[in-house]
Amino acid sequence: MHHRPTGPPALGRRALLRGLAGAAALTAVPGLAACGSRRGDPGVVTMGSNRANDAQREAVGEILGLWEADSGITVELNTIDSTSFQESLNNYLQGTPDDVIAWFAGYRTRFFAERGLISEVSQVWDERFQGAFSDQVRDLCSAPDGKQYMIPDSTSPWAVFYFKSVFEERGYDVPATREEFVDLCERMSEDGLQPLAYGVREGWPAMGTFDHLNLRINGPEFHLSLLDGDESWDSPEVRSVFGAWAELLPYHQAAPLGRGINEAQTSLVRGEAGMMLCGLFLTHVMSEDQIADLDCFPFPEFDPEIGSDAMETPVDGFMVSADPRNPEAAMDLVGHMGTLRSQEIYTAIDPQALPVHQDADTSGLSDLDAKIMGMIAGADTLTQYMDRDTRPDFASIVMIPAMQRFLRRPDDIADLTASIQRQKVSIFGR
Amino acid sequence: MVPSTPSPPHAAEPGGAPPRSAPRRSRTALRNGRADRITLALMIGVPTLLVVGLVWLPAAATIVFSFTRWDGIGGLDTLEWVGTQNYTDAFTLYPPFWPALRNNLIWLVFLFLVPTLLGMFLAVLLDRELRGGRIYQSVFYMPVVLSLGLVGFIWQLIYSQDQGLLNTFLGATTGAEPVDWFGDPDINLYAVLVAAAWRHTGYIMLLYLAGLKAVDPSLREAAAIDGAGPVRTFTSVVFPALRPINLVVLVVTVIDALRAFDIVWIINRGRNGLELISALVTANVIGEASRVGFGSALAVIMLAFSLVFILIYVSTLLRGADR
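Chains as they are written, first to last, in full-length UniProt numbering: chain A, 1 to 430; chain B, 1 to 323.
Please keep in mind that the hints were generated in silico from the structure rather than gathered at the bench. Treat the numbers as computed from the prediction; the structure is a model and nothing was measured. For every residue, glycine included, the Cβ atom is placed at its ideal position computed from N, Cα and C. Among the hints, a few may not be true.
Ranges of calculated distance between the beta carbons of each label pair, as one might list FRET restraints [to be verified]:
| # | chain 1 | residue 1 | chain 2 | residue 2 | range |
| --- | --- | --- | --- | --- | --- |
| 1 | B | G132 | A | L248 | 38 to 46 Å |
| 2 | B | E177 | A | D412 | 19 to 27 Å |
| 3 | B | I255 | A | S225 | 44 to 52 Å |
| 4 | A | D303 | B | L146 | 18 to 26 Å |
| 5 | B | W56 | A | G95 | 49 to 57 Å |
In silico negatives: residues of chain B with every beta carbon more than 12 Å from chain A [said to hold, decoys possible]:
| # | residue |
| --- | --- |
| 6 | M43 |
| 7 | V139 |
| 8 | V179 |
| 9 | G183 |
| 10 | I187 |
| 11 | A210 |
| 12 | D226 |
| 13 | T233 |
| 14 | P240 |
| 15 | L280 |
| 16 | V292 |
Take the sequences, apply the hints, and build the full model.
In C-alpha cells:
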C-alpha cells in the first residue's frame, strides 16, 4: 500500500474548523456510538478502505467479488482517500464505523486496540492462519495483551532503488558497506549524476533516512526502543545518527526541502539521479518498462556488528471495528482478506504491494519483487517506518520540523537533539 | 471640507450595525398582537441559539480543553487536567510557535501593504471607464473565485524547483541558478504571500470599485471646480468618502490574514518557514493520537489574537453608530 499519500488533502478547511470549533462535538461522538444496537441486515457487511488509487481499488474489488460469490453476502465498500481517512479515523472509529477497516500494523493498530476501538481477531488467526505468517508479522498485529487485532495482507518495503541499465552502462557495483556506498556516490558525482534523489517537502520522506541510519548505526533494538519513548533523544547514539546523515548529505540532491517526493522520483526516472532510498511505492510513477529495469539493494552496512539485515517493511492489513453490525460475516471477511489467494490476487494487481503470507508463491513474481521478498525473509527485524513505530503526533509534530531544521542547518546537532528530547518528554510524559 | 457620507452599502458590510430605527420599531411591535411578539421572539431566539451553540459553546469548550491533556478518545472522564502546561509548552518548548506568530503578523502587514493598495489602485483605474475595462476587471477578479487550495496547487506548478515555470523561465532568460522557492525558509513565505496576494488583490479591487461607483459624482465636480487635481481629488475628497468601504476592507483583510491556512497546508502542511497558527492547530488536532489539549491552547492564543482586531472593529462601528 501507498505509504503516505502525496495529493492535496480534501478536507483542509473542514479539518481546521474541527480544530477550532468542533472540539465540543468530539465529546458527543462516543454517545452516538453507544445509542441503538443497530443490528443490521445479515446479508450485508460494510468495509471502510483507504486504498484509494486505481490499482488498489481494482485489487480490493476483485478480492471482495470472490468473497461475495462464496458467501452470498454483499460487501458495501466505502473507499476514502487515505489522507482524509487517516485524519478522521479517530472520530470515525468512535462513531458508527464500518465492520471491516483497512489499516496499518504496528503501533497504529496497538493504539486502537488498547483504547478498545477495535475487536480482537485472535480466533481468526488460530483457525485460519496457523503458521501462515512469521512471528514478526504476528507481533506487529498484536497488542501488548498478546492477542491479535489485525489480519495482515501486504507490505510495501523500503530499499535503495536504481536502474540496472544505468549501473551496467557506467560499470557501477552494488555497495554493501558504507565505504563502498560513499565511493559509489563519489563516482556518480564525478560522472555528473546526482547520487541520491531526495525530496522531503512533505516532511515524512526524511524519516526514511533517519530510520535507516539509526537501524544500521545503533541497531534495531535501540531504534524501536527510542521510538517507543524509552530512550533519550539527547544521547550520543542519536547525535551520531544525525552526524552520519550530515556526512551523507552532500551526496543527496541539494535543497530537498522544496522538492516533493514525486519530483525526486521523477529525477531518478529521468536519469538525473543515480539512486533513491524509497518505498516500493515509487513504482507508481513508472511505466512497465521502467519497472522492469528497476533494481534495489538494502541500505548498506555501517557497523559489521549490526549488519544490514533490518528492513523497513510497513505492513498493511484489515481490522474489525469494536461493535460490528454483522460480526460473523465481518470475521469471515477479514479472514478472507488475509488468505494466500487474496494476497496473491491483490499483490499481482497493485505494483507496490508484496504478500506477507509465508507460503506466497514467488515464482510468478518479477525479479525485483522476488529479490525484495528474499530480503524480507532474511531480515532479522522488520520495522514499520517512523510514523508507524511511534506516536503519530510525535512523528509529525516533533520529528518532521526537527528533521527539516536539521536539513537547513546540519551543523547544529546538539541543540537539535536537546529540543527533540524536551518535546518528547512533553508528549510522552516521560 | 466636511465629508458628506453617502449611504453605506449595507449589503457589503458583514454583521453591520443595527439600523438606527431599531428601538422605535420594537416599541411599535410591542403594541401589536401576539403573532408579532412570537415573530420577534423567533427572530431573536433562533440567531441567538445558533450563535451560542455554534460559536460561544465551542469557543468555551476550546478554552476548557486547553487546560487538559486529551487525545480525543473516550468521554470527558478521560480528560487529564494539566493546568497551564500546554501554554508553557507552546511558548517555551514548541519550536514552530514563535515563527508561526511572526508569520501571521507578516501575513497581515503584507496583505495591507501590497494587495490592498494595489487593489485600490486598480479600482481607481478601472473606475475611469477604460476601453476593455470589463475584461481587465474579470481577469483581476478571476483568482478570487478559486479556493486557496487550488491557488496553492497552481502556484506549485510555477514555483517547483526542478520543473516549475518560474525557474525554467529565469534559467532560460538569465541563466540563473534554480531558486528553491518553496524549500528555502527565508523566501518561501514571501513566495506564498505573492500567491495569496494574487488572489486578495482582485477581491479588494472589487470592493473599492463598488465603493467608487457609489461616490456622488458632484463631489468630484465640486473638487474640480475648486481646482483640485486628480491626486488631490482622490486623497482629500474621494478617499474620505469611502470610509465605510475602508472599514470593510480592513475587516476582510484581517479575516483573510488570520484564516490563511489552505495554501500553506497544501504546500508543506505549514512547516519549514510556512508556519501559521491555524496550520499548527490543525496539525495538532487531527490524526490518530491527536493532542486536543495542546491544539486547543494554540487555538485560544489565536482567538486572543483575533479578539484584538474584533474589538477595534466593533468599537469603530459603535462610534460610527453613535455619530
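Hints versus structure:
{"no.": "1", "hint": "B:G132 to A:L248: 38 to 46 Å", "verdict": "57 Å, violated"}
{"no.": "2", "hint": "B:E177 to A:D412: 19 to 27 Å", "verdict": "25 Å, holds"}
{"no.": "3", "hint": "B:I255 to A:S225: 44 to 52 Å", "verdict": "47 Å, holds"}
{"no.": "4", "hint": "A:D303 to B:L146: 18 to 26 Å", "verdict": "53 Å, violated"}
{"no.": "5", "hint": "B:W56 to A:G95: 49 to 57 Å", "verdict": "25 Å, violated"}
{"no.": "6", "hint": "M43", "verdict": "24 Å, holds"}
{"no.": "7", "hint": "V139", "verdict": "25 Å, holds"}
{"no.": "8", "hint": "V179", "verdict": "9 Å, violated"}
{"no.": "9", "hint": "G183", "verdict": "2 Å, violated"}
{"no.": "10", "hint": "I187", "verdict": "10 Å, violated"}
{"no.": "11", "hint": "A210", "verdict": "26 Å, holds"}
{"no.": "12", "hint": "D226", "verdict": "50 Å, holds"}
{"no.": "13", "hint": "T233", "verdict": "42 Å, holds"}
{"no.": "14", "hint": "P240", "verdict": "37 Å, holds"}
{"no.": "15", "hint": "L280", "verdict": "8 Å, violated"}
{"no.": "16", "hint": "V292", "verdict": "6 Å, violated"}
Hint violations for this structure: numbers 1, 4, 5, 8, 9, 10, 15, 16, all remaining hints satisfied.
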